[in-house]
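**Student:** Letter by letter, the chains look like this.
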Amino acid sequence: MRFLDNVNMDFVAEVIGVGPAEAVAASHTQDEGYYQAASTAFEDMKYVVALLTAILLTDFASSDRGALGAGFHWRLAEPLERAKQSLMTSRATTQGARHHRHHLVVALEKLDAIAGMVRDGADMRDDPRCASVMAGLRQVVRELRTVSKLAAGFDVVNFATSCCATHAKPHQFPGNRVQSS
Amino acid sequence: MTTYSIHVVEYATAPDNPIGAFLNGKYNAGVCPILFGFIVIRGEGIVALVDAGFDWELHDKKHTSGLTVDKWESPAKVLQSLGIAPADVTHVLPTHAHFDHLGGLRYFPNAHFYMQERELSDWVWRMSLDSRFRWLTSFVDSADILECIDLARKGRFTLLKGRSDNVLPGIDLVPAFDTHTAGSQYVVVRNSARTQADSWILAGDLVYQFENLDGGDAEKPFYLPIGAASGSAFNLVMTTHEMIEAAGGDRTRVIPVHESRLAERFPSATSEYGLKVIELCLGDGHESVLPSVEARAAAASNR
Ligand SMILES: [Zn+2]
Numbered sequence: 001m002r003f004l005d006n007v008n009m010d011f012v013a014e015v016i017g018v019g020p021a022e023a024v025a026a027s028h029t030q031d032e033g034y035y036q037a038a039s040t041a042f043e044d045m046k047y048v049v050a051l052l053t054a055i056l057l058t059d060f061a062s063s064d065r066g067a068l069g070a071g072f073h074w075r076l077a078e079p080l081e082r083a084k085q086s087l088m089t090s091r092a093t094t095q096g097a098r099h100h101r102h103h104l105v106v107a108l109e110k111l112d113a114i115a116g117m118v119r120d121g122a123d124m125r126d127d128p129r130c131a132s133v134m135a136g137l138r139q140v141v142r143e144l145r146t147v148s149k150l151a152a153g154f155d156v157v158n159f160a161t162s163c164c165a166t167h168a169k170p171h172q173f174p175g176n177r178v179q180s181s
Numbered sequence: 001m002t003t004y005s006i007h008v009v010e011y012a013t014a015p016d017n018p019i020g021a022f023l024n025g026k027y028n029a030g031v032c033p034i035l036f037g038f039i040v041i042r043g044e045g046i047v048a049l050v051d052a053g054f055d056w057e058l059h060d061k062k063h064t065s066g067l068t069v070d071k072w073e074s075p076a077k078v079l080q081s082l083g084i085a086p087a088d089v090t091h092v093l094p095t096h097a098h099f100d101h102l103g104g105l106r107y108f109p110n111a112h113f114y115m116q117e118r119e120l121s122d123w124v125w126r127m128s129l130d131s132r133f134r135w136l137t138s139f140v141d142s143a144d145i146l147e148c149i150d151l152a153r154k155g156r157f158t159l160l161k162g163r164s165d166n167v168l169p170g171i172d173l174v175p176a177f178d179t180h181t182a183g184s185q186y187v188v189v190r191n192s193a194r195t196q197a198d199s200w201i202l203a204g205d206l207v208y209q210f211e212n213l214d215g216g217d218a219e220k221p222f223y224l225p226i227g228a229a230s231g232s233a234f235n236l237v238m239t240t241h242e243m244i245e246a247a248g249g250d251r252t253r254v255i256p257v258h259e260s261r262l263a264e265r266f267p268s269a270t271s272e273y274g275l276k277v278i279e280l281c282l283g284d285g286h287e288s289v290l291p292s293v294e295a296r297a298a299a300a301s302n303r
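Going down the list, the protein sequences come from chains D and B.
The numbering used here puts the first residue of the first sequence at 1, with every later residue one more than the last.
The numbering used here puts the first residue of the second sequence at 1, with every later residue one more than the last.
What the hints contain is simulated information worked out from the structure, not anything from laboratory work.
Cβ atoms here follow ideal geometry from the backbone N, Cα and C, with glycine treated the same way.
Do not rely on the hints blindly, as some may be mistaken.
What the hints assert, rightly or not - Sample of chain D residues with no beta-carbon within 10 Å of chain B, all distances over it, derived: (1) Gln30; (2) Gln36; (3) Thr40; (4) Arg82; (5) Arg91; (6) Arg98; (7) Glu109; (8) Met117; (9) Ser132.
Unchecked claim - Just the calculated beta-carbon pair ranges, DEER-fashion: (10) D:Thr89 with B:Asp130: 22 to 32 Å; (11) D:Met117 with B:Lys161: 23 to 33 Å; (12) D:Arg129 with B:Asp165: 47 to 57 Å; (13) B:Gly155 with D:Arg129: 18 to 28 Å.
Stated by the list, open to error - In silico DSS-like links for lysine-lysine, alpha-carbon gap of 30 Å or less: (14) D:Lys149 with D:Lys110; (15) D:Lys149 with D:Lys84; (16) D:Lys110 with B:Lys154; (17) D:Lys149 with B:Lys77; (18) B:Lys77 with B:Lys154; (19) B:Lys71 with D:Lys149; (20) D:Lys110 with D:Lys84.
Sequences and hints are given; from them, build the entire structure.
**Tutor:** Right, here's the structure in full:
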């Protein structure tokens with residue numbers, strides 16, 4: 001179960017051999033298994049970041065502090081565990097893939113530590129660990145952005161379904177403007 | 001007396017966007033360019049931006065799928081057209097939480113931010129649903145929300161509970177719940193002695209194009225809602241009416257910020273970056289910036 005559906009496996013498969021940069025394409029071919037596992041981990045980690053952000057936001061800014069309940073915290077565990085499994089059982093052989101994996105692992109370790117702090121359900125607004133949770137989450141975000149730049153198919157924001165710029169494959173019609181029917 | 005100067009300062013363009021996303025039901029109408037711009041409101045010691053833009057430096061232009069952005073330039077560069085720097089911005093009024101409206105928070109180190117609480121609380125609520133509901137959250141970058149939290153901790157982010165008049169002198173923030181997003185808002189600038197006369201409505205993504213305001217029929221206008229919305233078309237139509245009423249019935253005073261034809265409707269100039277500066281109005285004592293924008297562009301092309 002992946003919450004933020006920013007990577008689809010067909011696309012990852014599609015870029016093999018036709019990636020934007022030859023190096024990426026080559027490493028995708030050789031490390032296809034790794035990139036598929038990494039894609040699962042990446043999506044799960046993005047989901048955990050979003051959950052943690054939602055928890056922090058509720059602690060800080062919401063007038064309805066009880067809105068999330070303990071279930072929200074509990075939900076951190078499953079995607080984190082799956083991300084660990086996918087990454088730990090995957091093998092990266094090329095230098096590009098190893099570099100990619102390195103940043104994902106750094107992000108995952110950080111994320112795991114943060115989730116541990118938050119999972120006990122403490123109200124972060126009054127918690128002295130809050131500053132390190134915030135700093136840690138920002139570091140995770142930086143690592144995930146680095147990961148997204150190292151290979152195709154790892155989008156931080158899914159622009160293909162985003163609001164105004166939604167045009168994965170534009171179809172050109174004669175006349176750029178509204179046509180009367 | 002006119003209090004504020006209002007400019008649309010373009011910082012990026014996107015060439016081919018499906019018109020169906022902008023005009024509900026126009027699925028086969030082709031594509032059109034859009035502009036990405038800051039709306040800058042200046043006067044009475046205030047430099048307020050409607051929306052924070054997006055941070056294309058953080059995204060990978062090579063690998064990012066599904067978005068073609070032309071000519072993105074940083075706020076530091078494009079705001080030079082008005083003779084201001086990002087550090088001069090005193091207030092930012094994000095209309096909603098989509099990446100291209102909330103992604104540039106870090107660029108404005110001295111600004112205070114005002115957004116509808118509902119926009120964020122609804123995001124949290126939607127996050128609490130299971131994976132089958134993920135479309136409802138997929139347009140928001142949680143890293144942007146993280147920035148909001150950080151700003152809130154520093155006392156620089158105010159979440160509004162509904163309509164808020166005179167957030168700044170003569171400037172109102174009006175919610176449009178369950179429209180383009182759950183907690184969108186539009187900005188009303190009452191520019192003449194803070195009365196309704198001479199008002200401008202800065203609409204965020206509640207309207208994308210002029211046709212949303214008149215259906216493409218200037219003689220017998222009707223409200224045509226946008227296509228890309230997580231809320232209801234009904235609410236969008238009612239909000240369109242409300243915005244035009246707030247502009248004293250003058251739909252040309254309702255500004256769709258992604259509408260590239262704004263540069264044809266209002267006085268404009270093209271900067272050295274090939275980006276437009278559009279002058280909606282000038283406050284008392286302010287001079288047009290357009291001659292200096294053109295002079296700088298000419299000087300740059302001679303170099
Ligand atoms: Zn939007």
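**Student:** Of the hints given before, which are not true for this structure?
**Tutor:** Violated hint: only 12; rest satisfied.
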